[in-house]
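**Q** Go ahead and model the full structure; you've got the sequences and the hints to work with.
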Amino acid sequence: MTTITPNAVVAVSTASRTTTKRLRPPWQKWVLEVGWRHLVGIIAVAFALFPIVFVVSSALNPIGTLNGSGLVPHHASLHNFSQLLSNPSYPFLDWMANSLVISGLATIISLFLSVCAAYAFSRMRFRARRGGLLAILLVQMFPSLLSVITLYLMFVSIGNIFPSLAPGRVSLVLVYLGTALGVNTWLMKGYIDTIPTELDEAATVDGASHAQIFFGIILRLAAPILVVTGIIAFVGSLNELAIANIFLTSGTAKTLIVGLSGLIGGGEQNTYFGQFAAGALMTGAPVVIIFLAFQRYLAGGLVQGAVKS
Amino acid sequence: MPAYLVKMGLLAAVVALAVYSLPELYSNHEWLGFGAVVVSTVVILWVYLSRKRIHLKYLVPGTILLLAFQVYPIAYLLQISFSNYGDGHFLTEASAVAAIVQDSVQPVPNAPSYSLAVATKGNPADPKANFVFFLTGPTGKIYIGTPAGLSSFPVHDVKLSPTGSVTSAPGYNFLGPIEVNNLGARLADYSVPLGHGEFIRAVGISSAYVGRATMQFDQRTGDFVDLATGVKYAPYRGTFVATNGSGDTLTAGWRAGVGFSNYTRILTDSSIRGPFLKILVWTFCFALISVVSTFAVGLFLAIVLNHPRLRGKAVYRSGLLFPWAMPAFISIMVWASMFNPQFGLVNTLFHLHVNWTGNEWWAKAMLLITNLWLGFPYMFLISLGVLQSVPADLIEAAHVDGANGYRAFRNVTFPLLLLTVEPLLISSFAFNFNNFNMIQLMTGGAPYSYGSAIAGSTDLVISYTYRLAFGGQGAQYGFAGALSIVLFIIVAAISIAGLRRTQAFRTMT
Chain U
18 MTTITPNAVV
28 AVSTASRTTT
38 KRLRPPWQKW
48 VLEVGWRHLV
58 GIIAVAFALF
68 PIVFVVSSAL
78 NPIGTLNGSG
88 LVPHHASLHN
98 FSQLLSNPSY
108 PFLDWMANSL
118 VISGLATIIS
128 LFLSVCAAYA
138 FSRMRFRARR
148 GGLLAILLVQ
158 MFPSLLSVIT
168 LYLMFVSIGN
178 IFPSLAPGRV
188 SLVLVYLGTA
198 LGVNTWLMKG
208 YIDTIPTELD
218 EAATVDGASH
228 AQIFFGIILR
238 LAAPILVVTG
248 IIAFVGSLNE
258 LAIANIFLTS
268 GTAKTLIVGL
278 SGLIGGGEQN
288 TYFGQFAAGA
298 LMTGAPVVII
308 FLAFQRYLAG
318 GLVQGAVKS
Chain V
-8 MPAYLVKMGL
2 LAAVVALAVY
12 SLPELYSNHE
22 WLGFGAVVVS
32 TVVILWVYLS
42 RKRIHLKYLV
52 PGTILLLAFQ
62 VYPIAYLLQI
72 SFSNYGDGHF
82 LTEASAVAAI
92 VQDSVQPVPN
102 APSYSLAVAT
112 KGNPADPKAN
122 FVFFLTGPTG
132 KIYIGTPAGL
142 SSFPVHDVKL
152 SPTGSVTSAP
162 GYNFLGPIEV
172 NNLGARLADY
182 SVPLGHGEFI
192 RAVGISSAYV
202 GRATMQFDQR
212 TGDFVDLATG
222 VKYAPYRGTF
232 VATNGSGDTL
242 TAGWRAGVGF
252 SNYTRILTDS
262 SIRGPFLKIL
272 VWTFCFALIS
282 VVSTFAVGLF
292 LAIVLNHPRL
302 RGKAVYRSGL
312 LFPWAMPAFI
322 SIMVWASMFN
332 PQFGLVNTLF
342 HLHVNWTGNE
352 WWAKAMLLIT
362 NLWLGFPYMF
372 LISLGVLQSV
382 PADLIEAAHV
392 DGANGYRAFR
402 NVTFPLLLLT
412 VEPLLISSFA
422 FNFNNFNMIQ
432 LMTGGAPYSY
442 GSAIAGSTDL
452 VISYTYRLAF
462 GGQGAQYGFA
472 GALSIVLFII
482 VAAISIAGLR
492 RTQAFRTMT
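As given, the protein sequences belong to chains U and V, one line each in that order. Using our numbering, read the first sequence as starting at 18 and increasing by one per residue. Using our numbering, read the second sequence as starting at -8 and increasing by one per residue.
Worth flagging that the hints you see were computed from the coordinates, not collected in a lab. No experiment lies behind these values; they were computed from the predicted model shown. All residues carry an ideal CB built from backbone N, CA and C; glycine is no exception. Please note that a few of the clues may not be correct.
[As the list claims (entries may be wrong)] Cross-link-like lysine to aspartate or glutamate pairs, in silico, EDC-like; alpha carbons within 20 Å at most: (1) K132(V) to D148(V); (2) K112(V) to E170(V); (3) K43(V) to E218(U); (4) K119(V) to E170(V); (5) K223(V) to D209(V); (6) K304(V) to E50(U); (7) K43(V) to D217(U); (8) K223(V) to D94(V); (9) K112(V) to D148(V); (10) K48(V) to D217(U).
[What the hints assert, rightly or not] Taking CB as the label site, the calculated pair distances span: (11) A219(U) to N19(V): 46 to 56 Å; (12) G176(U) to T83(V): 18 to 28 Å; (13) N177(U) to K119(V): 15 to 25 Å; (14) R264(V) to N177(U): 29 to 39 Å; (15) L40(U) to E351(V): 50 to 60 Å; (16) R398(V) to E218(U): 46 to 56 Å; (17) T288(U) to G113(V): 54 to 64 Å; (18) I487(V) to V244(U): 28 to 38 Å; (19) L40(U) to N346(V): 48 to 58 Å; (20) A93(U) to N19(V): 54 to 64 Å; (21) M141(U) to S86(V): 45 to 55 Å; (22) T83(V) to T214(U): 50 to 60 Å; (23) L258(V) to P180(U): 34 to 44 Å; (24) A90(V) to N177(U): 11 to 21 Å.
[Stated by the list, open to error] To list a few chain V residues with every Cβ distance to chain U over 10 Å, as calculated: (25) T130; (26) V146; (27) S440.
**A** And the structure:
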């Protein structure tokens, strides 16, 4: 009975409409209901994609300048790529290696440190547990970008005594590790909370130590969240400019963001645009592929983290 | 067993690191670093050599890094914000006094000049060896000059060059011109006192003159007196200021506390207040407009494309994801190039002649358009996820109650959506409030229309602060530190507001 009522209402309303208006042909109905949505979708996708099309075509465009670039290249060639890879004043491959090593190390160590902390907060009960969680929440509100001045001064004075720790690649990794606990501990704790404690208890009964439980059970079952936060953290540190810009000043020590911004900064925007586009493509393509492959998890993880923290 | 060996190996490495670094820190009088290394090493050993304290085994490494590289820099920043640290104020007070005395040395009129030779009892090629001056006076008398004073040297023991300078003397090895030159600052700072405030100094590498400092420092009062003019200079917050009311200062300053003056300067110094308030207002506008525009477009697209009879949803979705998947720094640089007023795609494609980078308002529009492009796909994804998770029977119930599609959305879907995305919107606001990359990579703060070369009209507070500290205009660490602390407080206030929303959300569900 209840299911009939709304249908009945609809029937009445359409009946009354037919008395005032003529019945619409099916294509018009399609346009009003679905067609305009396609139009909006196509416009939105065009807006989303045209910078990307522009980069791809500029990278393939042998003219290599900004004013010679357009949405469609006239002749496709790999000229810009070979120019960029053989340009001694802009050592792109060094930048790429620096970015991979710095971001890679920072990400892996950070993840490990925060999953350790998350395990302790999730599974153990100790004094200052609540206080510790709260402190982490508080600290992560302060982006280290804001203390870039003192981070720099601090490593200058450390470098006066230990030259290998002067502002540079090694000290940059240390700076990134400082934020390890703040960024992901809450998210991971939330995830580990969902792993049933019965698993740990059974293992304890079988004589497993806390380390065996951590490395053998928790770390394995937390793999999805590690992958997700790992990708986000890695791209996050690729994007870090403020500190890297001050710490990495020599040509071969730069990361991609510092190097590429120098390539098209300072009046050279036009001249080197083709090479920049080639570099942008080589940098962006792997990340885009990874993001698209993991999109479901990445977007899901973001919402979850926001709700839980 | 291998696990045990790994653990012991790591602990040994920690101890080795401490043993290596402690003597260096000690000999450089770096007591803070010394204490930090001692405490961390002791804590690490105390935690990991015990069978108890299991939770600490999982917390200690991250916590040490957190304290060293995130908490301490904030405390240090707070300290610096109450000082004048920066260009012109890097020295200690004692070095500043020495530098002022040194800079004020003038040749004494009518005093004799000397031919100079430099000799050592050690190896002349060693730039660190102790050395003395052999001086030939205008009358041909030979002197030996040391930091202790001047004394005459028997003429018949030495050999002279044609210009009169000493070339050899018993018991001394003479430095060649290149070796003398290599002494650098050690030679320039070497002075042979003659009494009455006069002393002999090298000028170049082969002659010396009698000089006298015109600035005299009074150890007792801590003041300087300019002997030439009689003006007195008293120390005030790291600078010597003339006491005659002229406001003249001596160039070398030192690092000193300045109280709250860096903070009050933001509001009282008229050359800073104007630009700063404009920058602050723009920072709020930039963050707010960015959040609202990305959310509005993202939500709109999610609603439009979340229709049951729409085909090709997956294609649209994937297409819209590209801006989100691309590393943001690449996208920003590409957009910056596309907005190039002369050669950029935006002007050529749409046949525009807009001066995107030179006009303040167009530059702001350019930043907001780019940020919309960067941010809307994320908002689209989130909104889509929430829309799809709103229970269908809730909507149906609304329809049964007589709500049309719009009312059902307005009163059922939207409140649910907002509840979920509110913390995200706040964190997006906090992020954009400090969106340094956007400004640095796109405009660099330009155009500079506030009559200042440091405050740009598209600057956010963070990029302005960065330029004060690291820009080419001279490092103002103290003032930039105070601005950073202000930013910290604003960001914390925003984040705490966000946090309370989430807790409200938690208790509601």
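**Q** Now tell me if each hint is right for this structure.
**A** Hints and how they fare:
no., hint, in the structure
1, K132(V) to D148(V), "holds (12 Å)"
2, K112(V) to E170(V), "holds (14 Å)"
3, K43(V) to E218(U), "holds (19 Å)"
4, K119(V) to E170(V), "holds (11 Å)"
5, K223(V) to D209(V), "holds (10 Å)"
6, K304(V) to E50(U), "holds (15 Å)"
7, K43(V) to D217(U), "holds (19 Å)"
8, K223(V) to D94(V), "holds (17 Å)"
9, K112(V) to D148(V), "holds (16 Å)"
10, K48(V) to D217(U), "holds (18 Å)"
11, A219(U) to N19(V): 46 to 56 Å, "holds (54 Å)"
12, G176(U) to T83(V): 18 to 28 Å, "holds (19 Å)"
13, N177(U) to K119(V): 15 to 25 Å, "holds (19 Å)"
14, R264(V) to N177(U): 29 to 39 Å, "holds (37 Å)"
15, L40(U) to E351(V): 50 to 60 Å, "holds (56 Å)"
16, R398(V) to E218(U): 46 to 56 Å, "holds (51 Å)"
17, T288(U) to G113(V): 54 to 64 Å, "holds (56 Å)"
18, I487(V) to V244(U): 28 to 38 Å, "holds (31 Å)"
19, L40(U) to N346(V): 48 to 58 Å, "holds (54 Å)"
20, A93(U) to N19(V): 54 to 64 Å, "holds (59 Å)"
21, M141(U) to S86(V): 45 to 55 Å, "holds (52 Å)"
22, T83(V) to T214(U): 50 to 60 Å, "holds (58 Å)"
23, L258(V) to P180(U): 34 to 44 Å, "holds (42 Å)"
24, A90(V) to N177(U): 11 to 21 Å, "holds (20 Å)"
25, T130, "holds (49 Å)"
26, V146, "holds (48 Å)"
27, S440, "holds (20 Å)"
Figure legend: structure checked against the earlier numbered hints; every hint is met.
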